[in-house]
Every structure is written in structure tokens, then in C-alpha cells.
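Go ahead and model the full structure; you've got the sequences and the hints to work with.
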Amino acid sequence: MSSSSLSSSADVLHPIDLISLPYKLHITDGRILSGILISIDDQSNLLVSNVLETNGDITRELGLVSVPKSTISKIYVDDNEWNKNIRYRVKKQSNE
Amino acid sequence: MTEILQENLSKLSINDKDTLKSSETKITSQVNPTVSSRANLKVFTDVTDSFFKIASKIPFGEVVKSNQFKLLEGTHALEILNPKLDSALLDLTDFDISSVKTLDEVNWIMMKLLGCLCSWLDNNSLSVSVLSCVYIQKLLLNYQNLEDPKLTFDEKPNGDVTDVILRAFSLGLLQFVKFVLKLGQSGVIYEEEDLNTQTMDLDFLTKVDVAETDNDLKVAIELIESNYGNEDGCNFCLKMLRLFEELLKCESLLSVNADLYTHSEFDSTFLSRQLQLLSELKDQQTYLDSLKEIPNCFSVNIQRQLNNRSPPKPLSCLPFAVSVESLIGMSNDLVSITKILEITDVIELYEYLTCFMNRRLNTNDPDEIIGNHVVARALMQLFLIRDDRSILGSRKWFISDMMLDLLYKVSLQNSKLSKIDTMPGFEVNDISYQKLLAQLESPFYNYLTSISQNPSRQRQFINKELILWDTLQVEAENFELELNPKLNDNFIDSNIPTMPVSSFVYYFKLVRMIELMFKSIELNLFKDLREINIGYWFLSYLIGYLTQHIVRLLDINRLRQTQISNYPKKIKKAKGDKKLKLKEEYESHKVYLDQFLRVETYLKYQMNKMELYKKLIELKLTTLQILNHQGYLKLSKLCRAPEELLFELQLKSYQSIGIPQLPTFKDYQDSLTKFNEVFDVLYKQKNFRYFKSFIVTKNDEINDDLEKLKELASDLHYNQLLTDDMMESFSLLKTSSLSSQETLSTLLKLLESEGPKALKVTIEKLNYHLYFPNISIELQ
Chain A
1 MSSSSLSSSA DVLHPIDLIS LPYKLHITDG RILSGILISI DDQSNLLVSN VLETNGDITR
61 ELGLVSVPKS TISKIYVDDN EWNKNIRYRV KKQSNE
Chain B
1001 MTEILQENLS KLSINDKDTL KSSETKITSQ VNPTVSSRAN LKVFTDVTDS FFKIASKIPF
1061 GEVVKSNQFK LLEGTHALEI LNPKLDSALL DLTDFDISSV KTLDEVNWIM MKLLGCLCSW
1121 LDNNSLSVSV LSCVYIQKLL LNYQNLEDPK LTFDEKPNGD VTDVILRAFS LGLLQFVKFV
1181 LKLGQSGVIY EEEDLNTQTM DLDFLTKVDV AETDNDLKVA IELIESNYGN EDGCNFCLKM
1241 LRLFEELLKC ESLLSVNADL YTHSEFDSTF LSRQLQLLSE LKDQQTYLDS LKEIPNCFSV
1301 NIQRQLNNRS PPKPLSCLPF AVSVESLIGM SNDLVSITKI LEITDVIELY EYLTCFMNRR
1361 LNTNDPDEII GNHVVARALM QLFLIRDDRS ILGSRKWFIS DMMLDLLYKV SLQNSKLSKI
1421 DTMPGFEVND ISYQKLLAQL ESPFYNYLTS ISQNPSRQRQ FINKELILWD TLQVEAENFE
1481 LELNPKLNDN FIDSNIPTMP VSSFVYYFKL VRMIELMFKS IELNLFKDLR EINIGYWFLS
1541 YLIGYLTQHI VRLLDINRLR QTQISNYPKK IKKAKGDKKL KLKEEYESHK VYLDQFLRVE
1601 TYLKYQMNKM ELYKKLIELK LTTLQILNHQ GYLKLSKLCR APEELLFELQ LKSYQSIGIP
1661 QLPTFKDYQD SLTKFNEVFD VLYKQKNFRY FKSFIVTKND EINDDLEKLK ELASDLHYNQ
1721 LLTDDMMESF SLLKTSSLSS QETLSTLLKL LESEGPKALK VTIEKLNYHL YFPNISIELQ
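In order, the protein sequence lines correspond to chains A and B.
Just so we're aligned: 75 in this note's numbering is position 75 of the first sequence, and the numbers increase by one with no gaps anywhere.
Offset between the second sequence (1-based) and this note's numbering: plus 1000.
In case anyone wonders, no lab produced these hints; they're calculated from the structure.
Where is the CB? At the ideal position from N, CA and C, for every residue including glycine.
Take the hints with a grain of salt, since some may be wrong.
[Unchecked claim] If you want the footprint, here are the derived chain A segments under chain B, 3+ residues with CB under 8 Å:
#1 12 to 19
#2 26 to 34
#3 37 to 48
#4 54 to 64
#5 77 to 90
Structure follows, in C-alpha cells:
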């Protein structure tokens, strides 16, 4: 992903657009949490639902998980869903 | 503006292509059978920086969330890397399952597993109790192995003590857990409040038949009997295996199909055997104390390894003696359920269900009110009411039939209204009448379901039921008042209509209103003396209405008896066809004479009970109102809410009730003022003779009432279990009466000798009737 596209998505998307998308969160201890983001606060702490935790060979369901910003090393998002949101915002802006 | 947007779009399309090519910034979700398919075949992009940049736009103090999500739900979230909430931070321990070789070691594990089972039934989760055992975990994981399901601990079992005995025991235990899970998931009791049914998504032997497990238990028993001597270890092991053989038979209660009041046969000997085995197991404590602990056999591993929506929790296992006592309690409660088959009529059944609902285990903890065992509660409802709304699976008795039976017994029998379907010219009225009867089923069903609830939920159910009874009362009264000029079913020599349906509805409404307030006292909802005083004062008011209404029901009952006894005179005077008709009517009516006499005894019993309650309340109210005079019922200075508002809030459940109307705060204040004025004069003179003689009088009256109650209870010929429960209740009422008298007497003595000094007032529940806890008073 180029730096220009980063700035574009960050400029175009609103915080509400981050909600309800499927993410993979890489945690500082090496775990990966996959789930749907349902809430985010002003400190970028996340609430993720339907979480699947992958820890080495073990994958298990955790349900609703709160992920403090300090524990996140990387955030991956479903490409299609993310781009759909960008397209929606761009189209909305062009209509305005 | 448009140009910038176009540029953004073009950047986006380039970016799409770039990201598709890039392998460093993308991960494709792995294809893993345990991972939900929703995650498959998706391309994920690293958006860390953009994400945080967008999130930084959230204004200070705000939260952005999905519309469907309620922030309150967020309190249940598990926080990552928080040691108190993240089960992934738990330390794993190693345990070699082949290390257990001896019978003593197996016995130790079985003892612990029994403790874990009872801990689960005591409302802990399976993950901290039963599933914490490495053998149980292995067995369940091997069972649900998709490629090669096995019901063994090991890949290659070698037939040693663990493979035969511990395996059979574990299977027996898991079958019992499966049965209780089925009860818990049936919607009768509440998840987490009564039982935790979270299974960590493990399959609890859904496809393993109980008979198969029973056979495994038998094989294990035979193995011990043939290979081991009569030592303590061998005896213990045999008893534990046999206990689970018997416990697995509890499910048979759900397959009983019986008609009410027919004394149907049911082989409940397994419950006696359970109790016998548990009593014998209690004596094995010395042997169990000699067993060595097996480290790491029970661990938190499963909390870290399997699907887990709960925070990490320490393991929970009840001591063996406590577990045995708990199972004895359960078996005894199950025995009492089977007694329903011995019941002879709806009056006894109603009284039995009320008694079952109000059974409590006395504890020292003022906030802990323990009802029947959770297994018995859930089983009771499923045993009593079946999916097709039949009672006990009968083809003749449904909820509506039982309700009608009760209605007939209490007030409708031989009334003109009950024959409306055969009376010409009443066809339209009959339709309305049938509709009214159908409506009665709703509050009655609510009552039937409330008996299986825990004490707090029982109160909630009653609260809900009051509105239903109240609405029905209005409808029933309108219907009967409108119809009566045509029916002319009045009391003898008067124009007062009997109104049997309304009378029945009003009776149950008043009974439930009183129960609601008593349950608030039982549940310790009233936290200060002022609230307790309001509670008892309102109860006294309600009981006044109920006793008046029971007199009315007794009058209806006696009217019907008189009508039957008047038939011979009428027949004598009549001639021809009329004589024959009257004879027929007499024959059909007189068969109910015994029933009327029985209901009369029942109503007298209820009347007596309410009068006894009223006298006990008078003792309590006198004590509380003297304390009020001394300033102990005043609101705290910190309380900003007006007393009137608090009064209204406390009695809010009754505000929507039409009759009896809720007394006003002024009525309450007036009663306090009146007492204060009289007491003030006596207090200044230190003349408490009136109160001293009041105590003596109440003592005599209460003793007389208790004697009468015992006589009436014996005349009702209830089954032994119900009679025993009633006698126990009388004994507690007696204790409460004595303590109330003593408290009032102590208070008067203190005021007489010490004058106005600081008093310490405490509420004590242990060993007192739960509706009448002791108010203990001493000098501070």
C-alpha cells in the first residue's frame, strides 16, 4: 500500500466507517484476533465481537473482546469491505 | 473539488491493483477447520496507520459504535493482556494421563470430580469445575475428534484402572451433566442465575446412549467386585459407581405419564438407593483424608485451550462432605416431586405446589435465600407441565382442566353459572363465559411456572401475575353483575349475587398480593426499619381484606351445602315430573357434599393462617412503632428523597391494582401519629401495663391459632410430606412468635429502666420463619 493511498483513505473515511468491518488484529504477544469491530473510543481502544484467537496452532472463539490500543501491533482489514467504504465516501462527496 | 475526488478515485484503483500484487502487506486467511468459514478466502490489508489516523478524529470523550451495539454489553468484554480478563495469560501445566495406576489414585480423582460436579450445580461454570479435570477434557476431545471419535482417554487403552473404572465413572458423570444441561437449556430456569450451561462448545456425549454408559458402569463394578477385596478403597469406588448408576435414572421422571389424583405407580426406589449410597459415602471421610493429592490432574488448561467467553477463574471444587450433603438435598427434593403422584385432589395439589415453592434452606447468610435444588426445580416444572400443556403427561388433565378443577372446588361448584351451557336462552352468555374461563389460564399458568423459580424470580413472577388477576377481576365482575339479574344466583334471603368466578379471581389476587409483600421481607429487600414497618403495616391491611373475602367464600360454600340439604324438603312437597326432576338434581348435587365440606375445612385453615399472620404482624408493628416513637424509623439525614415518594416507590407494585385500593401515605402517617399519641402518654408515666398484657394476650391467641391450624391440617388429610412441611412451618411460626414477644418485652424493659438510650437493632433470619425474621434489640 503506497503512502498516497494511506493518506487518501485516512482523509476520506470517517471513524464510523471503521465499524462493522472484519479485522485481523496482531497483538504484541504474537496472537492474532479476527473479528468484527463494533466500537472504538477516543483513545483508539477497540471492542471486537465474534473474535477468533489464533495462538500458534490453537484457534479458539473468545466472543466479545476489548483490545486496548497499546496491545495492538498491526491492524489488517478485509480489503473489499474497506474499499467499498472508501468508494461510498468518495461518491457521497462527489454528489455533494 | 471534483478533480480532487477523481484523483482520489484513480489513486484508489491504482492502490487496489498494488495491494493485490503486494505479498508483504496482505495476509490471506488460513483454511483451518476450526476457524469459521466466514474468514476464508478474504484478502486482508495492513491499515494500521490509516486506521489510527481515522480513529484520531473521534472527539475527546466520545465513542463511535455500531447502532446495534449497546455499550452496556461492552462490560462483558474480555480485555486483551489484562491478567484478570485474558485467559490466554494463564499458565499451562503438564500432566501425564498414564501416570495414574492405583485404585486409590482413581478414587481421589473420583472424589474431586464429585466435588466439581456439585460445584457446577452450585452455579459455577463447567470450565472451572468438571472440565478442569484432564481426564474429562481428554475424553470429550477424543469423543469429538471428527476423524476418529473415541470414548477413551488414550489412543490405545490398555484396560487398567483408569481405562475401565475412571472411564466408566467419567462417562456416568458426563451423562448426568448432559441430563442437567438439558434441564438447564429447556427454558425453565435462568442461565447463569440458576445454572451455567456454557459448555466451551464441547459435545457432551450427545450420541451416547445412557444404556451404553450404564453398561460401562456395570462392567467397572464387576471388575472391582472380582479383582479387589473388601477394603475401604474398593468400597468407596463401588459406591461412587453405583451412585452414578442411580443418578442416571433421574431422567426417568420425565417419562412418567400419569393421571392426576389416581395414585399412579412409579418406581422411585432409585431415589431411596441414591440416598442410601450417599449416606454410606458420608462415612468414608477417614479413608478419603488418607488419599494423596495428584498434582496437576485438575488445572486451568482448558480455560486457555478451548473456546472460552469467560475471564480466567480459579478452579472450584466443593469438599466431599459438602458435595454429599448437596446431593442428599437434591435427592430429597426429587423424592418430594414424586409425591405429587400421591395427591388426591386439586386442593391438596395447590397446597403442595405452594409448599414446594416456599421450601427454603436456612442459612446464616442474611443475603442468601436458598430454595429447592436447581435440578429439582427444573425437573419439577418439566415433570408437571409437558410441552402439550398437559399435567404429568396425562391425556385427561391439561392446565385449563386443573385451573377449572380449582375454580369449581373453591367457588363455582353447583352454581347456576356452571350450568349455563345447559340453560336455554343463555347461548350468547355461554360464549362470553367460556372466553372468561379461557382467560383465567394465563395467570394460573404463571403461577404454575413460578414454583420452579429461585426465590427472587418467584417474587418477580408474582409481581407479573398481579396485573393479570386484576384485569381479570374487572372483566369477571362486569360479566357476572350483568348476567346475575337473569341468573338470580344470590345468597339466601338477600339480593347479593354470589359471583363465583369473580370471588375466585379476587381470592387468588389477594393471596398473591400478600405473598409478594412477604417475599419482599423474605428477600431482605427492605433495608431499614422504616421500610419493614411499612411492609408489615400494608400486609396487615391486605390480610384484613383477605379474611373478609374468605368469609365470603365460606358463605358461598355454606350456601351450596344448604341448597343440597334443602332438596329433601322440596322433593317432599313437589309432585309429578317436578318431583322426579328435583330427585335427579338432588342425586347429582349431593355427590359434592363431601367436597364442600373439605373445601370448607380448607378455607377455615386459610382463614386461621391469615389470622395467625395478622397477630404476628401486630406484635412486630407494636415493636416497630415504639421504635418509631424513639426515633429509630427516621430517614437518614443524607437522604434527600421525601418520605412520601419512598413510600410510593416501596408499594409501586400495588399502585395499578384497583381493589383493594392502595392506602395513601397520609393513612400510614395517621396510623403512626395515633400510636405515638397514645404511647407518648404511657411512656411519660412509664406505664407499660397495657403492652405487657398485650404480649400475654397475643401469646395465648397465637398458641390457640397454632393448635387450631394443626387440627385443621390433620382434618385435611394431606400426604405425609406436605403435613411434615406444614408442621415445620408451624414450628417456625411459633419460634418467630416467641422471639417477637421477647423483643417487645425487652424493649419495654429497656425503656422502663434505662429511659431513652441508644439501642442496637438487628434483623436475624436464621431459625425463624422467613416471613417473620427476628428484630433483636439490645443496648448499644
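- prompt: Three or more residues of the stretch 26 to 34 of chain A near chain B by CB distance under 8 Å?
  reply: It holds: at least three residues are needed, and the stretch 26 to 34 of chain A offers 6 whose Cβ sits within less than 8 Å of chain B.
message: If you count the residues of the stretch 77 to 90 of chain A with a beta-carbon closer than 8 Å to a beta-carbon of chain B, do you get 3 or more?
response: holds (count 9)
query: Three or more residues of the stretch 37 to 48 of chain A near chain B by CB distance under 8 Å?
result: holds (count 7)
- request: Count residues of the stretch 54 to 64 of chain A with a Cβ under 8 Å from any Cβ of chain B, then say if the count reaches three.
  value: holds (count 9)
query: Residue count check for the stretch 12 to 19 of chain A against chain B: does it reach three with CB-CB under 8 Å?
result: Check passed, 8 qualifying residues.
In terms of the numbered hints stated before, the structure departs from none.
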